[in-house]
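Asks: Starting from two chains that each stand alone, build the complex the way the hints lay out.
So the sequences go chain by chain: H and A.
Under the UniProt record's numbering, the residue at position 202 of the first sequence is numbered 202, and the numbers go up by one with no gaps.
Under the UniProt record's numbering, the residue at position 307 of the second sequence is numbered 307, and the numbers go up by one with no gaps.
Think of the hints as simulated: they come from the structure by calculation, not from any bench.
Keep in mind that the hints are not guaranteed to be accurate.
[To be verified] Derived lysine-lysine pairs resembling PhoX-like cross-links, with alpha carbons at most 25 Å apart:
#1 K300(A) x K293(H)
#2 K293(H) x K203(A)
#3 K271(A) x K40(H)
#4 K256(A) x K203(A)
#5 K129(A) x K153(A)
#6 K90(A) x K12(A)
#7 K76(A) x K87(A)
#8 K40(H) x K22(H)
#9 K202(A) x K228(H)
#10 K153(A) x K87(A)
#11 K203(A) x K39(A)
#12 K22(H) x K153(A)
#13 K152(H) x K15(H)
#14 K40(H) x K199(H)
#15 K256(A) x K293(H)
#16 K271(A) x K199(H)
#17 K153(A) x K256(A)
#18 K202(A) x K293(H)
#19 K134(A) x K90(A)
#20 K306(A) x K227(H)
#21 K116(H) x K22(H)
#22 K271(A) x K306(A)
#23 K256(A) x K271(A)
#24 K326(A) x K300(A)
#25 K67(A) x K95(A)
#26 K39(A) x K306(A)
#27 K40(H) x K293(H)
[Claimed, not checked] Listed below are several chain A residues computed to face chain H (Cβ distance under 10 Å; list not exhaustive):
#28 Y248
#29 I262
#30 P263
#31 K325
We put the beta carbon where it would ideally sit given N, CA and C, even for glycine.
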Amino acid sequence: MSNNDEYILKVEHLKQYFPVKKGLKKMQLKAVDDVSFAIKPGETLGLVGESGCGKTTVGRTLLRLYEPTAGKITFNGEVIFDTGEQYDENGKVIVDASGKPVLGKKIDKKMLPYRKEMQMVFQDPYSSLNPRMTVEDIIGEPLDVHGLYNTKEERREKILELMELVGLNAEHAMRYAHEFSGGQRQRIGIARALAVNPKFIVCDEAVSALDVSIQAQVINMFEELQKKLGVAYLFIAHDLLVVRHISDRIAVMYLGKIMEIADADELNENPIHPYTLSLLSAVPIPDPETARKSQRIVLEGDVPSPLRMPTGCPFRTRCRYATEKCAQERPILTDRGNGHMVACWNK
Amino acid sequence: MSMENKNLLEVKDLHTSFFTDAGEVCAVNGVSFNLEPGKTIGIVGESGSGKSVTSYSILRILADAGKITSGEVLYKGEDITKWPEDKMQKFRGEKISIIFQDPMTSLNPVFTIGYQLEEAILLHTDKTKDEATKRAIEMLTLVGVNEPASRMKQYPHELSGGMRQRVMIAMALCCEPDILIADEPTTALDVTIQAQILELMKKLQDELGMAIIMVTHDLGVIASMCDEIMVMYGGRVCERGTADDIFYNPSHEYTKGLLRSIPRVENMNEKLVPIGGTPINLLNMPEGCAFCPRCEEAMKVCLKEKPDEIEIGEGHFASCWMNVKKMYEAQEEAKNEQ
Chain H
1 MSNNDEYILK VEHLKQYFPV KKGLKKMQLK AVDDVSFAIK PGETLGLVGE
51 SGCGKTTVGR TLLRLYEPTA GKITFNGEVI FDTGEQYDEN GKVIVDASGK
101 PVLGKKIDKK MLPYRKEMQM VFQDPYSSLN PRMTVEDIIG EPLDVHGLYN
151 TKEERREKIL ELMELVGLNA EHAMRYAHEF SGGQRQRIGI ARALAVNPKF
201 IVCDEAVSAL DVSIQAQVIN MFEELQKKLG VAYLFIAHDL LVVRHISDRI
251 AVMYLGKIME IADADELNEN PIHPYTLSLL SAVPIPDPET ARKSQRIVLE
301 GDVPSPLRMP TGCPFRTRCR YATEKCAQER PILTDRGNGH MVACWNK
Chain A
1 MSMENKNLLE VKDLHTSFFT DAGEVCAVNG VSFNLEPGKT IGIVGESGSG
51 KSVTSYSILR ILADAGKITS GEVLYKGEDI TKWPEDKMQK FRGEKISIIF
101 QDPMTSLNPV FTIGYQLEEA ILLHTDKTKD EATKRAIEML TLVGVNEPAS
151 RMKQYPHELS GGMRQRVMIA MALCCEPDIL IADEPTTALD VTIQAQILEL
201 MKKLQDELGM AIIMVTHDLG VIASMCDEIM VMYGGRVCER GTADDIFYNP
251 SHEYTKGLLR SIPRVENMNE KLVPIGGTPI NLLNMPEGCA FCPRCEEAMK
301 VCLKEKPDEI EIGEGHFASC WMNVKKMYEA QEEAKNEQ
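Chain A extracted, bound-state conformation (with noise of 0.2 Å):
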């Protein structure tokens, strides 16, 4: 392999559409990331900002509607969106999995938590019907579940709620993925359980070095989780960088709204600065910048032309006109000083 590409994964100006009945929704538009092996990077974002809909086009599991317009999805160096589909059928839950947001519904009620692990890995590899068993009870007692023989036997209604994301897991790990996007895997969870899945898979990096795509909206789950962050809004990316740059150093205005109107320890008695109006209606796209029309600095500029990624610092990028004007700013003073 090239040097260039320690990258396990890249993304590169993704675009995926879904043709509904009222027109073409572009529900992503224009994504680029890159992934390296062992890392986590949080994709964050309100809902409908495109999140999911990056996450599952990688997968290629879209609904009938939607499609990948343009963009690279490179696995390896490979472009996996010219796969066939039965090569793409191999390659998920073999080198990349998901774990959904809704461990009551994604479960399938009747069939056991046994039989459901055992096809995943029957499906992917040349074992046998008894080696699959010891395997996925291997998987069970690696993520935590306790009397894991037992609970092979047992269907998904039997188990709470942390449990069932539990065995979620385990399917999603038992072929050893190098990716696994976890698609808001804690949000239907309480806090307490919500731990004790975010250290468990905490824990299974460590172990088995897979590399995380994390969705979510919840900016405390990414603060703890993260190492690189990626901020969507209207199916754009509007900043991403490591999660310091993004906590400490945001640099797009949605950023800092965002920063500004969740509850934190420092603000507990202050009001909280909402941003105003609405979100964003895909169908409705505003031709500049997506957030535009609910950024309290925009400029006419804004609202005309759609901003360019630009390098704040080392790999942390932001798309704001903000900067622009900064930058200029910055230049016109430095020659009056001269």
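With the rest of the complex left out, here is chain H (with noise of 0.2 Å):
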């Protein structure tokens, strides 16, 4: 596509699927299916969905924290891995003759260099910091992976710079990961996460494990600090007021597909696809008059398990829209307009 360079990072048709073992048989969860998505330098997307649905695993194989089963990805121009499937319009693999799929050039880069680019935060800011390393340390373990200074002077100097940035007293750089608050500690791992000036991180759940009102203090950080930088975020959380504040655009995900990608605002109040209509139903607004008035949709059942995916739409068995077309083929993303990408045969 020409206009790629648009795009800091595109994911294309990606999968990762994880070998399982049930018993003396082997299957295939397939975590993350053939899920396209692209996003702007200094943008926000969301990406929200139920436990299960992969989107913890988006975040990870994109970093390459997984390798990837399928797909490609281009970060700033670059393509950086690519399993050479060829797709047709239809989002269906391109076979030959023989059914055999027509393979492009393979491309799978070091990614040491770009590691400096793509960063993440973690949910967890009680296990994700290294309890016997010191605040110094764990900012400057990214600074010495990529030999970002000269003299121990000037590492020096950069944690504290980063940790100004982020709010912490530099007077705690000696000090370690338990003696911090919980919302201190998310600081670290942001300070660490920035310390390479990275243009685009990946926050998984990276405020849910706060309280409502530490929580604030770090919405506004991420908020600020892509305001002073232009990082650009992948926003992973389940909670969908907070996703709907921060994101610029927001995509749903429902056992590892894209149900529904749109603007924050539009998909909030616009939405298609019926399971995000149930997932914003069931969100519990914070206004009693609100509460009173509103009508939940109620889903029945549970989500299915990925190991037994249904055929055709992954949401038709809990879908009141569901007809035989769901059940024989999968829906593809289509633009409803404005960018707007539905993927429902009903809707």
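Replies: Next up, the structure:
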């Protein structure tokens, strides 16, 4: 595509299957199944869905903490990973006469230089920091790995700068992680991610473990840092109000697939996919008046196991509008105007 | 029963402390509230605010280091803090039950669902084993577990999180208690499952008429479930009143801050206003108002003296010096006009 460069990160047909043994049977768990999206520089893409829908796996796979099963990842105009499958307009793999997929060039670049550009903030501020390292060393480690300083003084200076940036007291540099509260620990994790001056950060449930009053502090900090440094976020969370607040665009995932992707306000005000509708109506609104008036669309049953994925549309087993076509063929994302993409046959 | 005793449960000036190596930690500091039959009261607060300890104190299931140091818990007029343990054991499960936060760890993994449900029934009623089985299946049907008879033979790990929480609710309700304490019942669940469980609790309340004490940090859950709300901070009650009072006329600086700091539909495109500072350390409580180190409006008096509970409107109480200041200012103004 010619306008490739306008995106900082582009993911096409990403698949992540995990091998699972069930007794003697070997099976594949399709954690992420054919996911495509793109993020512009300085933009926040929210990724929401229920637990087990694969949102964390997406984040980890595109940083290549897992080796992707298939797909193409383009970062800053450069293809860093490609298994070479080609796709037609309907999202189907192009195959040759014998039924084998036509493969293009395989690309698998060394990640070290790219890790400097893409970083991650983890969910749990308690287990994502090494308890035996001081804050200085935790934040300094990425600097060490990428050799971003010449002298010891320079390293220390950079670390103190970062601590100030995330609102940590410079006097605390020699303390250990356990001496901090949850919100402060999350700030340490964010400072560590920012140490290498990345262009893109995956925030995996970065505020979920925090108390409400602290959550707002950290959300504001993410927004301020984005304004100051122009970094793009993939913001993974299950709290839809938080995601709506921080994101420019939101993607909704269900069982490893993206069901709907649109501008944050558009998605919340005019949701199209039946799953998005029920997800939004399930959010408890902190307002008694609206709560009394609102009608919840309560979904029946649980999310099916990804080992026994329904045929066709993955949501059809819980969908009110499901028809025969939904069982036979999987809907692909189609544009319903202004980049509002929906994967549904009936809506 | 006399007129004033329409309350099912009255908690009066409850104090609970934990005696640790580092000193006495006063986790609940003078909590009072009333609960009428069939009503829902919500206790909301951050971690460490004493909301869970309040509910554990009512059930008297505190850890060894924890003790109720003063105050009364009146159930139908009787002070249950004075009851002997065997009487308490009969009381728990029969008149008052609890659902815990984590459905993964609060069921025993080595017993079947059926065994655990029957155990509760056999313990509290004179039913025979067969009757108990029947009752257990009935309860599972009531809470919307599909194929209840075959579920009885399954172990907790075979069920999903939402299903386990349903089993927990079934277990809590099998003796038709008057009061159900729900301690963060949906925090570990996904939003769609959370919606299912909340709807179920409302439906069961309508059918069985029990009162609910809902403990949560989620203001959204509180808004949709509760008749009355109690906001806690640092072991103390900041404010209590109806849901409308708390959300539309918050009269404690902490409640106001809390409402400003959460993303809502109205403030989507604005910056959130966080509460500054860090949560309180209960070992090192300020002399005056617990919230004053983080309060933007804090005055001198807030540092030194605990604010008393003042009635703002009918049934709406708040403990904040700002209200006293406002009242004083209003009086001054009235004087000046005269």
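Asks: Holds or violated: K129(A) and K153(A), Cα atoms, limit 25 Å.
Replies: holds (15 Å)
Asks: Given the hinted pair K203(A) and K39(A), is their alpha-carbon gap at most 25 Å?
Replies: holds (13 Å)
Asks: Y248(A) was flagged as interface toward chain H. Is the shortest Cβ-Cβ separation under 10 Å?
Replies: holds (8 Å)
Asks: Are the Cα atoms of K76(A) and K87(A) separated by 25 Å or less?
Replies: holds (15 Å)
Asks: Are K256(A) and K203(A) close enough, with their CA atoms no more than 25 Å apart?
Replies: The given pair, whose Cα atoms are some 31 Å apart, is violated under the 25 Å limit.
Asks: Need the status of pair K40(H), K22(H): alpha-carbon distance at most 25 Å?
Replies: violated (41 Å)
Asks: Are K39(A) and K306(A) close enough, with their CA atoms no more than 25 Å apart?
Replies: Not satisfied, since the Cα-Cα distance of roughly 30 Å exceeds 25 Å.
Asks: Would the hint on I262(A) be counted as holding, given a Cβ-Cβ threshold of 10 Å to chain H?
Replies: holds (6 Å)
Asks: Taking 25 Å as the top limit, are the C-alpha atoms of K152(H) and K15(H) close enough?
Replies: violated (43 Å)
Asks: For the pair supplied as a hint, K306(A) and K227(H), confirm whether the alpha-carbon distance does not exceed 25 Å.
Replies: violated (42 Å)
Asks: Are the Cα positions of K300(A) and K293(H) separated by 25 Å at most?
Replies: violated (43 Å)
Asks: Per the CB criterion, is K325(A) less than 10 Å away from chain H?
Replies: Hint on K325(A): violated, closest Cβ of chain H at ~23 Å, above 10 Å.
Hint check: violations occur at hints 1, 4, 8, 9, 10, 13, 17, 20, 21, 22, 26, 27, 31; the rest are consistent with the structure.
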